[in-house]
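Undergrad: Could you slot chains B and C onto chain A? The hints should help.
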Amino acid sequence: MAEAHPVGFQWVMEAKARGAKVIHVDPRFTRTSALADTFVPLRVGTDIAFLGGIINYVLSNELDFREYVVAYTNAATIVSDQYVDTDDLDGLFSGFDPETRTYDAESWQYATQEKDGGDRQDHETQRETASGMQHETHGMSVDDDVLRDETLQHPNCVYQVLKRHFSRYTPEVVAQTCGVSEEQFLEVCEAWTQNSTRDRTTALVYSVGWTQHSVGVQYIRTGAILQLLLGNMGRPGGGIMALRGHASIQGSTDIPTLFNLLPGYLPMPNAADHQSLEQWIDATRNPGAKGFWSKADAYSISMLKAWWGEHATADNDYCFDYLPRITGDHGTYRTVLDMIDGKVKGYFLLGQNPAVGSAHGKAQRLGMANLDWLVVRDLFEIESATFWKDSPEVATGEIVPEECRTEVFLLPAASHVEKEGTFTQTHRMLQWREKAVEPPGDCRSELWFFFHLGRMIRERLAGSTDERDRPLLELTWDYPLLGETQDPDAEAVLKEINGYDVATGRPLSTFTEMETDGSTAGGCWIYTGVMKDGVNQAARRKPGRDQDWVAAEWGWTWPANRRTLYNRASADPEGRPWSERKAYVWWDEEQQRWAGHDVPDFEVTKPPSYRPDPGVDGIDGIAGDDPFIMQGDGKGGLYVPQGLLDGPLPTHYEPVESPFRNPIYGQQANPTRKEYPRQDNRMNPSPPEHGSEVFPYVFTTSRLTEHHTAGGMSRYVARLAELQPEMFIEVSPELAGERGLENGGWCHVVTARAAIEARVLVTERMTPLRVEGRTVHQVWLPYHWGTGGLVTGDSANDLLGISLDPNVLIQESKVGTCDVLPGRRPTGRAVLDLVTTYQERAGILGDRTVPIVTTGPGAAGDDEGDPTGGGGGAS
Amino acid sequence: MAKVNLGWPVLRQLLGSDVLGRGVAARSKQTDATTARTETADRVAKSVCPYCAVGCGQQVFVKDEQVIQIEGDPDSPVSRGRLCPKGSASKNLVTSELRQTKVRYRRPFGTEWEDLDLDVAMEMIADRVVKARNDTWQDLDDQGHKVRRAMGIASLGGATLDNEENYLIKKLFTAMGAIQIENQARI
Amino acid sequence: MSWTISENSFWGPLDPAADAGYDEDRPKRKGFFTDTSICIGCKACEVACKEWNDVPADHFDMTATSYDNSHSLNANQWRHVAFIEQPKRLGDQDPGLRGTAGSVDLGMPAMGPQGSESPEDKPDFRWLMSSDVCKHCTHAACLDVCPTGSLFRTEFGTVVVQDDICNGCGYCVPACPYGVIERRKSPDGAKNVGIAQKCTLCYDRLDAGKVPACAQACPTQSIQYGDVEELRERANKRVETLHEAGVMDARLYGNDPHDGVGGAGAFFLLLDEPEVYGFPPDPVVTTKDLPAMFNRATAAAATLLAGAALAFLGRRG
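Residue numbers (our numbering), protein chains in the order written: chain A, 1165 to 2039; chain B, 163 to 349; chain C, 5 to 321.
If you're looking for bench data, these hints aren't it; they were derived computationally from the structure.
Keep in mind that this is a model prediction, so the values were computed, not measured.
Any given hint could be a false lead.
Each pair of labels, with its calculated beta carbon distance range [unchecked claim]:
no.: 1; chain 1: A; residue 1: Gln1358; chain 2: C; residue 2: Pro178; range: 52 to 62 angstroms
no.: 2; chain 1: A; residue 1: Glu1602; chain 2: B; residue 2: Asp289; range: 22 to 32 angstroms
no.: 3; chain 1: A; residue 1: Glu1602; chain 2: C; residue 2: Asp231; range: 35 to 45 angstroms
no.: 4; chain 1: A; residue 1: Glu1631; chain 2: B; residue 2: Asp281; range: 26 to 36 angstroms
no.: 5; chain 1: A; residue 1: Arg2005; chain 2: B; residue 2: Asp289; range: 43 to 53 angstroms
no.: 6; chain 1: A; residue 1: Glu1336; chain 2: C; residue 2: Ala249; range: 28 to 38 angstroms
Computed list of chain A residues with no C-beta within reach of chain C, every gap over 10 angstroms [said to hold, decoys possible]:
no.: 7; residue: Ser1258
no.: 8; residue: Pro1319
no.: 9; residue: Gly1452
no.: 10; residue: Phe1456
no.: 11; residue: Val1564
no.: 12; residue: Gly1605
no.: 13; residue: Ala1667
no.: 14; residue: Ala1759
no.: 15; residue: Asp1781
no.: 16; residue: Glu1936
no.: 17; residue: Thr1991
no.: 18; residue: Asp1997
no.: 19; residue: Val1999
no.: 20; residue: Gly2007
The calculated DSBU-like cross-link candidates involving lysine-lysine, where the alpha carbons are at most 35 angstroms apart (straight line), are [what the hints assert, rightly or not]:
no.: 21; chain 1: B; residue 1: Lys293; chain 2: A; residue 2: Lys1553
no.: 22; chain 1: A; residue 1: Lys1696; chain 2: A; residue 2: Lys1746
no.: 23; chain 1: C; residue 1: Lys189; chain 2: B; residue 2: Lys191
no.: 24; chain 1: C; residue 1: Lys195; chain 2: B; residue 2: Lys208
no.: 25; chain 1: B; residue 1: Lys293; chain 2: B; residue 2: Lys264
no.: 26; chain 1: A; residue 1: Lys1180; chain 2: A; residue 2: Lys1706
no.: 27; chain 1: B; residue 1: Lys264; chain 2: C; residue 2: Lys189
no.: 28; chain 1: C; residue 1: Lys214; chain 2: B; residue 2: Lys191
no.: 29; chain 1: C; residue 1: Lys292; chain 2: B; residue 2: Lys264
no.: 30; chain 1: A; residue 1: Lys1180; chain 2: C; residue 2: Lys241
no.: 31; chain 1: B; residue 1: Lys225; chain 2: C; residue 2: Lys92
no.: 32; chain 1: C; residue 1: Lys32; chain 2: B; residue 2: Lys225
no.: 33; chain 1: C; residue 1: Lys214; chain 2: A; residue 2: Lys1706
no.: 34; chain 1: C; residue 1: Lys189; chain 2: C; residue 2: Lys214
no.: 35; chain 1: A; residue 1: Lys1180; chain 2: C; residue 2: Lys32
no.: 36; chain 1: A; residue 1: Lys1507; chain 2: B; residue 2: Lys208
no.: 37; chain 1: B; residue 1: Lys264; chain 2: A; residue 2: Lys1507
no.: 38; chain 1: A; residue 1: Lys1706; chain 2: C; residue 2: Lys92
no.: 39; chain 1: B; residue 1: Lys208; chain 2: B; residue 2: Lys264
no.: 40; chain 1: A; residue 1: Lys1459; chain 2: A; residue 2: Lys1279
Ideal Cβ placement from N, Cα and C applies to all residues, glycine included.
If we strip away everything but chain A, and leave its shape as in the complex, we get:
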């Protein structure tokens, strides 16, 4: 956190000065570790084992916050007796199909719901469309006849299921798996549990490298389970904080430039399942379910009204058919491989530098070299604009400029001070930026570019009677244009996002004003309220020193300017603060409403004593003591029967590339992961497959304080470039000795994809770990460099292959295996030869079947490939 979010770290230091204990768990001793009370070095890719061990410690010592757990989580809910755990199936859950490597989740459901609680889509489709998480974002569908045992003794209640599931994660197993000493592990367990009470809360902070694993979603789930068990969710000083890495990456998820989502986490319609407006809406609202997603019809129809205005009517299903349909995986990695295969004509890059920033840099660059046209919009001449003349593939002869057909437009972009608009940062806060100056020369905002591109496309199609052009021609696309450059008025766009009453144009104040009859329009329902009363709430800047500590009058936080989500949980079931010290939101008996320091995340006049009548659904179905109002049962999900493709509970799987056999289960790695088995995407072998010894070391990558992501905003900036001027690698003194590496000298790192070179920084901050009785060396690389800018170097992301988390299709880029050799890498074609030599030695050069399913019937043994695994290597 000190490393990549230094200004946020001031609050950690302030907490520390007030007596908070800071524990830092990381593969490498960083600037955060330097200021922590305890640093725990961990083997990369073993976080679930580590946190699972803490969960086991909590459960086996009954240290959970029992009153919170019983009332606010699904701990008491009874799970189907058909459910069989990984504990009994050697790392697989019940319902696994080794052919498709997916689950039938029927047996995961709550008792009595096995049939109707199942998923509308099968898991294979969900994996293809990254839609598995729909239930996570849209709430589980839970009937009110689920069985509960509030004594938590029923053998199939979630609490007991959890207890059995994590019972394997003993301190010894944690030590064996993670390379952490038992003493240190227990110290963390004690600190975490002792600091999680009525009077005290513990915060879990992660950076989004956690998502970049083949089990990334389950990493975060493990954190959520632990924080729920300890009563740390929805309470001040608690929670799980995701430190996101780009100014508006939260905003670009809320208003998603993502293939599977529409604004406000509405799903992109799927061709097979969402053939009608009703089917599409029902996929979100789950008819009969409880909670706020029950109003998804109002949110969805208001969005269609915002886009197609007067053309969107009840008669034409509000132009629902104007939405294109997804049919499978259309994620960025699939798309790049399609580029290599010649299926994509044109590509826009908007402030993004995949030639350096995405996994498998070579695939990215070869994809771009095989387009009809490419539009790059950036502040600088980044590598993704110059791949045709100076990429590593030009040096190897894989890209020959005279033979590369891609037409490239590099359009200079306006910087953050040359346009106005809002960012949504990691705390879900929208902050408006004022425009300081006009952009220089040809520089323009994306708002300008896309507005005018849309205008010009519409001009070209004007008069068309082709049905396919109607969505474009009938699109609401008439924003006021300002100034010499004719920039659209960003605030007018924000007003549309906020939503308005169609008849009067009055901005809506809250999403509860959205209607299903087309009388309201609104581009992103969760942002409704940002223009409350016609005032740009995101532009509010009442100084922090003139406000209380919640500072509710600075910017605007979705939803409804609520700063802490699920804050109903900061009060006990009767609505009283859990303790005076941790009072945040409470039921004011006199006023008969919720009150407190923050906007209550609850219907403000619904008393704690409220109980819905049987059969009541929607918002009224949520009881007065159910704080998790977006969930179908109002409960925090310790166990997740729906929505996760790789299991209802987190399980330790080895990274796709690992030098170790999974010490906990026969199943080696995530069996449901998304793979692209191709010759140009070879993964290094891992046990039980032979050849893993060819890549004996583990590497991980991350950021330096002095640079930013793929370097597009730092390597071209002298003041930053000089602070970390060269690509380097951090190695322990032990590994330096083993491989003959010299501090300040050069070495090169080899995987099945690439060989890159870096200067050597030998440091005690890297430490070998003892895992499964042997020593493992880990190395660390920053991923900021490329061929452009003031300081250049090889790109760490070139080392990676493409292998994805099945739930969200995010790549495993925080862990891989490699070899490390002294000296500089070969140049020209010789570097390809070196990589080929390694592929050959590892036995992955020719046809190969990767053992993905490594337990159960038909699984690969320790000596043979898996005939049914299908994937990972050559096809």
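TA: Leaving out everything else, chains B and C in the frame of chain A:
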């Protein structure tokens, strides 16, 4: 300057309180006229740091339509006026000599950049989008389901952009049937 | 003819702005207290300083000494963050590292034994970071030797180069006991090449009531700006707090008005001996004996006109 003023410090030294000539007697006119350039700025824009997602407040000082200083906004309850090295380098970012301010064009099989007028570039891009959309248009998928889309157009980026920009990007691409629209959140 | 030179004008405790002729309306002496125990080594201070003061970037080489790529304080580096990786513990911190014996000499400055010989016995480690800056000495030799009057004492008690006066003679460079001040040699085309360079404590910002750029940026407030008197009290309390917390290494550097430079306007809380951070252990103002030399000179030249003597001193030759 120094020579012209030489007599004066001595005189000040002789007659004043700074007998050693190390303080008031040594001040040059330029020193006396010193003021922070932020004091004479034409205006100050309230902004937000463009790097990570902490969301630190920034003040952007402008003089003669040039950015002359970017520093932390002490009013911000998020950052209390502080900035990390990246945030502190924001002026360098927006005023860097390496900023691309002209459209660059690389024709197919070209070996060098060429100049291109922005208006021309926009027309060319609009033509190409329309063509790629037509060339790769699908009304139905192979199972006969309605899809109304064009798989020939893809986009990546958004996490460094404004909400309003992402909104128009998603709205336009969706309306034209382009679905391979992605950003850093998938990476 | 008579003049008053305080008996402490060259040595010992002194209010330097008063001694430099500023009247009683002058502001309180300003300075930095840099608490290295909360420095996260982010280098925001280096960048904020360069941005405000237009100090050029001129070196793009990796030094391979931890994360220190700005080498030292110099003409183009008015703030410099040192990084020290040490086989020592930071108070009660559990550094967690449990490697086997080290096998490569990192060349890092360290007090005490380097590493440990036996495997599985390397528990001690800490990573120290510290942002160095001009000390703005109470008795500033750079100022005392400056023949042009370019270096002067401000009303805030700080020491500043007037670049419109400096002739680049360089006398100040060897005079500084810390090796801070330096003439700018590069890069080509940079402003003020040849002129002496160092921290001004953002004299122009102070004049406008603003905080120096580095202190304003510092994310953890490791760099604290304020009245020196108050900062000294704060520093003493901080040392006490750290000692109570078991960080017995905490000590102050440059805060004592009785030290060799009469106390620094920019002083530090360190967690090890000064040498570890690259500070001289016991700096002494190089012009300490100037008054004695001057007295001998005046005795020998008793018949000279007072004005000539004054001119001599005024030019501080």
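Undergrad: Work down the list of hints and note, for each, if the structure agrees.
TA: So, going through the hints one by one against the coordinates:
Between A/Gln1358 and C/Pro178 the CB atoms are about 58 angstroms apart, so this pair conforms to the stated range of 52 to 62 angstroms. Range check, A/Glu1602 to B/Asp289: Cβ separation about 28 angstroms, and the 22 to 32 angstroms hint holds. Taking the beta carbon of each, A/Glu1602 and C/Asp231 are about 42 angstroms apart, inside 35 to 45 angstroms as hinted. Evaluation of the 26 to 36 angstroms hint for A/Glu1631 and B/Asp281 yields a pass: the beta carbon distance comes to about 31 angstroms.
Taking the beta carbon of each, A/Arg2005 and B/Asp289 are about 50 angstroms apart, inside 43 to 53 angstroms as hinted. Evaluation of the 28 to 38 angstroms hint for A/Glu1336 and C/Ala249 yields a pass: the beta carbon distance comes to about 33 angstroms. With 10 angstroms as the threshold on Cβ separation, the claim that A/Ser1258 sits away from chain C holds: the shortest Cβ distance comes to roughly 39 angstroms. Taking the minimum C-beta to C-beta distance to chain C, about 39 angstroms, the non-interface status of A/Pro1319 holds against the 10 angstroms cut.
At roughly 50 angstroms, the least C-beta separation between A/Gly1452 and chain C is larger than 10 angstroms, which holds for a residue marked as non-interface. The beta carbon of A/Phe1456 sits about 37 angstroms from the closest Cβ of chain C, which is more than 10 angstroms, so the claim that it is off the interface holds. The Cβ of A/Val1564 sits about 31 angstroms from the closest Cβ of chain C, beyond the 10 angstroms cut-off, so the non-interface label holds. Annotated as non-interface, A/Gly1605 keeps its C-beta farther than 10 angstroms from every C-beta of chain C; the closest such distance is 23 angstroms.
With a cut of 10 angstroms on Cβ distances, A/Ala1667 stays outside the contact zone with chain C, its closest approach being about 50 angstroms. Non-interface call for A/Ala1759 relative to chain C: holds, since the shortest CB-CB distance, roughly 34 angstroms, exceeds 10 angstroms. Residue-level check passed: A/Asp1781 sits 48 angstroms from the nearest beta carbon of chain C, beyond 10 angstroms. No beta-carbon of chain C comes within 10 angstroms of the beta-carbon of A/Glu1936; the shortest separation is about 16 angstroms.
Distance to chain C confirms A/Thr1991 as a non-interface residue, since its nearest Cβ pair spans about 20 angstroms, more than 10 angstroms. Against the 10 angstroms criterion, A/Asp1997 stays outside the reach of chain C, whose nearest CB is about 29 angstroms from its own CB. With a cut of 10 angstroms on Cβ distances, A/Val1999 stays outside the contact zone with chain C, its closest approach being about 26 angstroms. Chain C leaves A/Gly2007 outside its interface by the beta-carbon criterion, the shortest separation being 31 angstroms against a cut-off of 10 angstroms.
Straight-line distance between C-alpha atoms of B/Lys293 and A/Lys1553 comes to about 27 angstroms, which keeps the hinted pair within the 35 angstroms bound. Between A/Lys1696 and A/Lys1746 the alpha-carbon distance is near 30 angstroms, which keeps this suggested pair within the 35 angstroms criterion. Between the alpha carbons of C/Lys189 and B/Lys191 the distance comes to roughly 26 angstroms, so the proposed pair stays at or under 35 angstroms and holds. With a C-alpha separation of about 30 angstroms, the suggested pairing of C/Lys195 with B/Lys208 holds against the 35 angstroms cut-off.
For the hint pairing B/Lys293 with B/Lys264, the CA-to-CA distance comes to about 26 angstroms; that is within 35 angstroms, so the pair holds. Restraint check for A/Lys1180 and A/Lys1706: the C-alpha separation of about 27 angstroms stays at or below 35 angstroms, so the hint holds. Between B/Lys264 and C/Lys189 the CA atoms are separated by roughly 34 angstroms; this keeps the pair inside 35 angstroms, and the hint holds. Restraint check for C/Lys214 and B/Lys191: satisfied, since their Cα atoms lie roughly 22 angstroms apart, inside the 35 angstroms limit.
A distance of roughly 59 angstroms separates the Cα atoms of C/Lys292 and B/Lys264; the hinted pair therefore is violated under the 35 angstroms criterion. Between A/Lys1180 and C/Lys241 the alpha-carbon distance is near 17 angstroms, which keeps this suggested pair within the 35 angstroms criterion. Straight-line distance between C-alpha atoms of B/Lys225 and C/Lys92 comes to about 51 angstroms, which puts the hinted pair past the 35 angstroms bound. Taking the CA atoms of C/Lys32 and B/Lys225, the gap is about 32 angstroms. The hint holds against a cut of 35 angstroms.
As the CA atoms of C/Lys214 and A/Lys1706 are separated by approximately 20 angstroms, the hinted pair is consistent with the 35 angstroms bound. Note on C/Lys189 and C/Lys214: the hinted pairing holds, with a Cα-Cα distance of about 30 angstroms set against a maximum of 35 angstroms. Our distance criterion of 35 angstroms between C-alpha atoms is met by A/Lys1180 and C/Lys32, whose separation comes to about 32 angstroms. For the given pair, A/Lys1507 sits about 45 angstroms from B/Lys208 by alpha-carbon distance, which is inconsistent with the 35 angstroms threshold.
Between the alpha carbons of B/Lys264 and A/Lys1507 the distance comes to roughly 31 angstroms, so the proposed pair stays at or under 35 angstroms and holds. Annotation: proposed proximity of A/Lys1706 to C/Lys92 is violated, straight-line Cα distance about 46 angstroms (limit 35 angstroms). For the suggested pair B/Lys208 and B/Lys264, the alpha carbons sit about 27 angstroms apart, so the restraint of at most 35 angstroms is met. The suggested pairing of A/Lys1459 with A/Lys1279 holds, with an alpha-carbon distance near 25 angstroms, which does not exceed 35 angstroms.
Comparing the model with each numbered hint stated earlier shows that hints 29, 31, 36 and 38 do not hold.
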